[in-house]
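Fit the two chains together into the complex; they arrive one by one in their own frames, and the hints show the way.
Each protein sequence line maps, in turn, to chains A and B. Residue 1 is where the first sequence starts when you use the working numbering, and the numbers rise one by one after that. Residue 1001 is where the second sequence starts when you use the working numbering, and the numbers rise one by one after that.
Hints should not be assumed to be uniformly reliable.
[Unchecked claim] Some chain B residues close to chain A (C-beta under 10 Å, calculated; not the full set):
{"hint": "1", "residue": "I1017"}
{"hint": "2", "residue": "E1020"}
{"hint": "3", "residue": "R1051"}
{"hint": "4", "residue": "W1062"}
{"hint": "5", "residue": "K1069"}
No lab work stands behind these hints: they were computed from the structure. Where is the CB? At the ideal position from N, CA and C, for every residue including glycine.
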Amino acid sequence: MFNVSKDFAPPFKLITPFFISGVVFYILSMLSALFYSAGFDFRELSVAGWVHLFLIGYVMMIIFGAMAQLVPVVLETGHFSIDWYYLIFPLLLIGTVLLVAGFWLNPILLSFGGILVLSSMIIFAVDVFLTIKKTSLNSLTVKAVKVSNIFLLIGILSGFLMALTLSGFMGVDIEEILKAHVFAVVGGYVLITIMGISLILLPMFGLAHGFNERAINLAFKFMIYSVALVFAGVFLKADIIKLVGYFLSFVSIVFYLYQIFLIYQKRVRREMDIWYKSMIFGYISLFVSLLLGFLYILSGGGANNFLYSSMWLLFVGFFAFLINGHLYKIVPFLVWFHRFSPLVGKRKVPMLNEMYPKKMAEFEFWFSFAGAVLSTLGLLVSNDELFRGGVYLLFMGALFLGFSLKWMLEFRSENE
Amino acid sequence: MSKLTKEQVYDAIKTVIDPEVGFNVVDMGLIYDVEIDDENNVHVKMTLSTRGCPLHQMMQQWVKEAVEKLPGVGEVTVEIVWDPPWNITMASEEVKKALGANLFK
Chain A
1 MFNVSKDFAP
11 PFKLITPFFI
21 SGVVFYILSM
31 LSALFYSAGF
41 DFRELSVAGW
51 VHLFLIGYVM
61 MIIFGAMAQL
71 VPVVLETGHF
81 SIDWYYLIFP
91 LLLIGTVLLV
101 AGFWLNPILL
111 SFGGILVLSS
121 MIIFAVDVFL
131 TIKKTSLNSL
141 TVKAVKVSNI
151 FLLIGILSGF
161 LMALTLSGFM
171 GVDIEEILKA
181 HVFAVVGGYV
191 LITIMGISLI
201 LLPMFGLAHG
211 FNERAINLAF
221 KFMIYSVALV
231 FAGVFLKADI
241 IKLVGYFLSF
251 VSIVFYLYQI
261 FLIYQKRVRR
271 EMDIWYKSMI
281 FGYISLFVSL
291 LLGFLYILSG
301 GGANNFLYSS
311 MWLLFVGFFA
321 FLINGHLYKI
331 VPFLVWFHRF
341 SPLVGKRKVP
351 MLNEMYPKKM
361 AEFEFWFSFA
371 GAVLSTLGLL
381 VSNDELFRGG
391 VYLLFMGALF
401 LGFSLKWMLE
411 FRSENE
Chain B
1001 MSKLTKEQVY
1011 DAIKTVIDPE
1021 VGFNVVDMGL
1031 IYDVEIDDEN
1041 NVHVKMTLST
1051 RGCPLHQMMQ
1061 QWVKEAVEKL
1071 PGVGEVTVEI
1081 VWDPPWNITM
1091 ASEEVKKALG
1101 ANLFK
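Isolated chain B (complex conformation) (with noise of 0.2 Å):
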């Protein structure tokens, strides 16, 4: 069983979009962390932009779905953190550039 790697499973999951952005998780800097063992058991460490997001446990639904998919992956759990929270910082240049975020206001 070859080992997986974070690069794997981060492209695994950039393939989850966020429907109101148009944006994939990872980009939107949503992801904070992914932890695989030997077992190739991933844990993924997650947020949201907003705390009342109605689409919360679909989210991490998919993300779980999505990593999953990766062959020889073992159990996969994702957790929704709120600390540190989110903000527009974490996000990669294209989203700012995309959402047309002013850092500087």
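For reference, chain A alone in the conformation it holds in the complex (with noise of 0.2 Å):
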């Protein structure tokens, strides 16, 4: 028998600034996007500084936030040591204002912040290993989590070459480089992370049991095969070994919706919450996502806004709203946990579901899909006022976004 005790469970004020600071990057990235127009080029260093905002400011900080409380309940043990967050949270913040500066600000800002994402991103990834060592679990979650922090730490690390490069102080091929850094921290980091915690996750709060996971098996390998491939592809300097890995990662993300659909049809809870409709926007954005991918191998390259709309949509439809729905569940999971589980048996307690602001969510999810569609649409049309009135609307959901969450982290019952 095992159990994930409360002990496991890290403290509530060691996870929060992970979450804070995760949505004010959030609202920052929708912001600063509103100076950007539909016309820009990917190889700009302004373009990788917004890139790296959202990715790491944004996406990494809760994702690392979220891990903190997650590592224990998916290998079903406590952390190797939970006080190396402690240590994590300031690097990768201080990290990240660094880097994004250095992409907008001076370039040689980059080795700095550089070193101290990696530094975060090392200790994140050993604590993670010898978690893993502790637990004789080896679930397709547990090793999701494995081979998703090798890659991490292989991304990282690509990167850093390409920091010392526009620093400076090194001189690697930046764009053949860059492909396998994408590749290695979206695909082979954040994709199976997202993959190996749905899992758990999406069954858990949708209550769905009994479903195949052949599918998901088959999206893990093929994600890993292609992280591998266009790595290999990379640093072999062959196109066709890179191209079988960019379509073999589209077939990865084929699977994994068809799980997706399992699950959902397996599904017992039918509540059409705000979890529940952020899921949707962001599984039918990740359907659309990989259509206008393929649709850009198929002109041969040649078509950017293909390439620009489809991965702008998997940042703000896919990323975006899989992380923002997953906050209402797991931020009153940690409040009610700090706050509440204390008083069970002693008073009455509130329902997970009481614990955030249902009004102000609605707004967030319908300004955010609202901005997600129109500047998607205008990054396919090439149409400025489009993109910019989007990423307007994405901001104004931001806001909203930032609203709930000080909602949710203040929210006291009315016993109190």
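Structure (structure tokens):
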């Protein structure tokens, strides 16, 4: 018999800074996106700055905070050292600020920001590996956590090589390394982590049982092959290997989407709450992003509007809705666990679904939904007004997310 | 000392609510069995809706504390089992209806 004891649960004060900073970085990402036009080039340093603000400041920051809570749940054992998260947070926070400032203001800061981000991720990965050593479990989620962290380190190291080059300390082929870096971080870390964690969270919140897991196993394998082949293609300078790698990432996502459909079919909890709506839009975004990416490949790599709209929708449609939707589940749980679980049996305690602001969450969803659709269309047809109008709505949605987070963190029951 | 009945134990456990779904653990079908010996020692066999439930140990503790409140109860033990795995057919009709479960899908 295993126990995910209360002792394994990280302290509230340790996790909340990750979520607060992550949401602040999300708001800043949407605000700064207002200063871009639909005709940007992904090789511009300022675009790289925005991508890192979004992916490290928002996506990674929230994933790290969530993993502090979820690693014990997934691995059924306590962290090797939960106290390391007190070091991971400031390193990641300052590293992100310096890295983004490096891209936007002065490239010399890239190396300093890079070394701090690299350090925080090494500490994070070492804790995960040492925690995995404590468990005898070998589920797909455990494998996903293991593999994704290896890709994270490879991805960050490749990024650090580019940072050193941009700062003038080294000389690597940035355009080629960039492909390996993007695949290792986005495919190898973020997507594999999402695959592994969604296999726990979606059935847990949707009360789905008895579904076949073959599709997610295939998705997991194909994504590993994909990242490995893109890396091999980059270092061997073999375009055909890279192309096979790109293709396998599409196959992987198709299997992953099929797995999500199987879980969706088996769920018994059918409330249309904010979490559920966010998941639906998030997965539709992933599907559309996949189609747009496929069209880009079919265009022979010439139609950048397909590539940009695909990646943009992956970020603001899939990642953002998946993460924000889960915040309405995870944050109330953390607050409940911290503030109300000691009172169970002594007095009436609130239910989790009473602990998020329904109206504000709806505003967040609808503004973000309209914003994601319009801005993606803007990129697709290269229309500045449409793109900026969409980003403005995304920014409004992000502000509502910020208000919702504040509301959830300050939640007190009427008995207090 | 009066002998405890299963009904009394189930009624006590009904005060334990799963904060995520908002139903008590008995109506959720999470309580598989209750054994009461001659000394009123109670052994509860229960499961959870998800193996990775972060409230695992707390739920176990809440059930134990709820039963311990019964007058004349002896030692209370709560065992978590995973076989058979929980599914929605084990829940009460009220829970199924409230969750919107469609069992024909």
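Review point. Can B/R1051 be said to touch chain A, with a Cβ gap under 10 Å?
Key: 8 Å, holds
Point to revise | Closest C-beta approach of B/W1062 to chain A relative to 10 Å, hint status | key: Holds, about 6 Å.
Review point. Hey, does the B/K1069 contact hint survive, CB to chain A under 10 Å?
Key: 8 Å, holds
Review point. Any CB of chain A closer than 10 Å to the CB of B/E1020?
Key: Holds: closest Cβ of chain A sits about 5 Å from B/E1020, inside 10 Å.
Point to revise | Hint validity - B/I1017 Cβ closer than 10 Å to any chain A Cβ | key: 8 Å, holds
Of the numbered hints given earlier, the model fails none.
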